[in-house]
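Enquirer: Residue numbers (the numbering used here), protein chains in the order written: chain A, 1 to 307; chain B, 1 to 236.
Everything labelled a hint here was simulated from the structure, so no lab data went into it. It should be emphasised that the depicted structure is a prediction, and the values quoted were computed from it without experimental measurement. Incorrect hints may appear among the rest.
[To be verified] Pair by pair, the computed Cβ-Cβ distance ranges are:
1. B:Gln23 with A:Thr211: 35 to 41 Å
2. B:His206 with A:Ile254: 39 to 45 Å
3. A:Gln189 with B:Asn117: 52 to 58 Å
Every residue gets a Cβ at the ideal spot worked out from N, C-alpha and C, and that includes glycine.
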Amino acid sequence: MFEDVKYQIRNVEGVSEAAAMTFQTIQIPTSLKQERVTAVGYEIGKIGKPQNIISGRELAREHYEIVVDTKLGFKLDDKIPLGRNIYTVVGITKGAVSSSGEALVYISLKDAQQLQFLASNDTIRSDRARGIKDTTSTIVNTIVAKVSSGYSPKDIAENIKKWKHKSAYTNEKQVEILTKNVIEKSSKQIGLFTIILIIVSSVIISLIIYTMTIGKIKEIAILKLIGMPNIEIVKMIVQQSLVLGFLAFVAGNIFANAIKSKFPKNVQLLPEDSVGLFFVVVLVSVIGSLFGIYKALKANPAQAIGE
Amino acid sequence: MSSLAIKVENLKKEYITKDSTLQVIKGIDFELEKGEIAMLLGPSGSGKTTLLLMLGCILEPTSGRITLDDEIVYEDRWILKDTRKLRREKLGFIFQAHNLIPFLNVQDNVTLLPQLNGIAEVEYKKKAKEILTYLGIEDKTNYMIGSLSGGQSQRVAIARSLANDPRIILADEPTAALDKERAISVMELLRKLAKEQEVAMIVVTHDDRLLPYFDSVLKIDDGYLTKTKASETKLH
Ligand SMILES: Nc1ncnc2c1ncn2[C@@H]1O[C@H](COP(=O)(O)OP(=O)(O)O)[C@@H](O)[C@H]1O
Ligand SMILES: [Mg+2]
Chain A
1 MFEDVKYQIR NVEGVSEAAA MTFQTIQIPT SLKQERVTAV GYEIGKIGKP
51 QNIISGRELA REHYEIVVDT KLGFKLDDKI PLGRNIYTVV GITKGAVSSS
101 GEALVYISLK DAQQLQFLAS NDTIRSDRAR GIKDTTSTIV NTIVAKVSSG
151 YSPKDIAENI KKWKHKSAYT NEKQVEILTK NVIEKSSKQI GLFTIILIIV
201 SSVIISLIIY TMTIGKIKEI AILKLIGMPN IEIVKMIVQQ SLVLGFLAFV
251 AGNIFANAIK SKFPKNVQLL PEDSVGLFFV VVLVSVIGSL FGIYKALKAN
301 PAQAIGE
Chain B
1 MSSLAIKVEN LKKEYITKDS TLQVIKGIDF ELEKGEIAML LGPSGSGKTT
51 LLLMLGCILE PTSGRITLDD EIVYEDRWIL KDTRKLRREK LGFIFQAHNL
101 IPFLNVQDNV TLLPQLNGIA EVEYKKKAKE ILTYLGIEDK TNYMIGSLSG
151 GQSQRVAIAR SLANDPRIIL ADEPTAALDK ERAISVMELL RKLAKEQEVA
201 MIVVTHDDRL LPYFDSVLKI DDGYLTKTKA SETKLH
């Protein structure tokens with residue numbers, strides 16, 4: 001979208017302020033390594049400025065100033081090379097992360113557009129070759145707008161959609177979109193990983209239970225011989241599998257909590273996820289014991305007597 | 001109700017393998033009274049274990065009839081469907097040592113069956129304590145099986161076979177792993193139990209010195225069985 005859309009938006013009745021913003025993923029050199037972050041470009045003095053500044057200030061100059069999140073480990077006045085220029089840290093935020101969990105850094109809209117230009121040089125060159133005008137410096141990702149009191153954000157959003165043919169989202173809608181699109185997309189990826197991991201752990205649990213059952217086949221034969229019903233034998237095996245699963249669940253939770261801060265992305269461990277995982281563990285443990293149960297049920301009580 | 005605990009009529013068993021048929025039991029008949037304790041003798045491979053397995057409803061005979069505690073359990077096919085229920089309620093098994101469950105302690109090994117039979121906890125614990133005391137191993141109640149000596153685990157196995165108040169005890173060489181004194185004390189114990197609780201017992205043993213503790217001798221040879229009174233039996 002072009003930056004001048006903001007002028008159109010400003011003219012919409014009920015909009016008191018409108019500003020352009022950009023978002024891009026960049027790598028910035030921290031003391032340890034190159035860290036992926038989301039760079040937010042905003043118009044200084046307009047809406048969209050960094051929230052939750054714990055030290056320093058927001059940007060004041062149009063060029064080469066940067067506000068970073070405390071997670072990245074910079075101090076005020078640190079110098080960070082980005083693109084062709086050196087940026088000075090002027091402010092530090094706490095807990096500023098993108099919807100995908102990357103730390104946020106804030107730079108001026110102008111700097112952001114310049115960075116974007118550098119990053120996409122090749123694309124632009126090929127665009128130029130095809131006769132497309134150089135539009136980089138006027139392209140932005142979004143326009144944020146503030147609504148005057150007395151107007152409903154929802155109505156204005158409808159209005160913009162109708163007359164300007166742009167998608168407009170209220171704050172609530174924005175949250176919904178974020179969770180629906182960005183998070184849904186990454187949760188689909190994570191979901192795939194989760195499914196793979198669950199299958200792998202089911203196979204491992206099956207193997208363990210199977211091996212443990214084979215190792216106890218003589219005892220199972222004895223139990224059958226003295227008259228233990230199958231249902232009790234099945235119960236024993238499932239119980240054993242559940243105990244294993246539960247121990248793994250506890251260990252996994254402790255481990256996850258211990259290492260989550262070491263992850264490059266912000267990892268949220270929610271209690272409801274843990275509860276969900278618990279049920280998955282129970283299910284996997286039961287399914288994992290099926291092979292062992294099959295073997296146990298086939299065991300011949302006469303085996304108890306032989307060597 | 002008759003006074004018979006076991007009645008076997010024209011019982012046959014053949015093992016059929018790919019290339020041969022082995023007739024192990026060729027048609028045997030015998031009866032055992034309640035409280036009668038019989039020695040089962042025979043050369044190695046004569047079918048002693050096979051007979052015990054059939055009496056315990058673990059191995060299906062080829063034909064014939066088996067009546068246990070006045071109930072026909074087999075007549076050319078299984079008459080009794082839930083043979084495991086019969087085992088846990090009426091039968092006791094003793095084998096050579098180490099047929100206990102190693103991941104349970106002594107008490108849990110002994111109380112397994114009464115627990116399954118739905119006996120109240122206080123009751124089966126009291127009973128287990130009685131039996132273990134009677135066998136002189138009450139101090140081992142909470143020991144794991146692995147920490148017991150051969151003689152001690154054999155007594156636990158006997159305790160387990162008694163815990164469900166069986167009507168019949170089938171024992172396959174229960175004293176084979178024991179030295180002479182222990183073998184004799186186990187036999188004294190089994191005899192005492194047979195008499196006090198009217199339990200019929202068939203005990204496989206090769207040990208001639210144990211003959212005085214039996215009422216009768218079942219001798220199996222070449223697929224046939226003969227029963228004699230122990231007092232009138234000359235071994236060798
Ligand atoms: N499952 C089986 N399949 C085929 N043959 C068997 C099987 N079990 C035992 N036998 C054979 O039957 C005979 C009797 O075995 P067994 O009852 O164990 O004798 P015993 O206990 O008197 O030594 C032996 O010759 C043995 O090889
Ligand atoms: Mg044998």
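Enquirer: Does each hint fit the structure? Answer for all of them.
Expert: Hints, verified against the model:
1. The supplied range of 35 to 41 Å is met by Gln23 of chain B and Thr211 of chain A, whose beta-carbon atoms lie about 39 Å from each other.
2. Taken as a hint, the range 39 to 45 Å is violated for the pair His206 of chain B and Ile254 of chain A, whose Cβ atoms sit roughly 58 Å apart.
3. For the pair Gln189 of chain A and Asn117 of chain B, the supplied restraint of 52 to 58 Å holds, since their beta-carbon distance comes to about 55 Å.
In summary, the structure is inconsistent with hint 2 from the numbered list given earlier, while agreeing with all the others.
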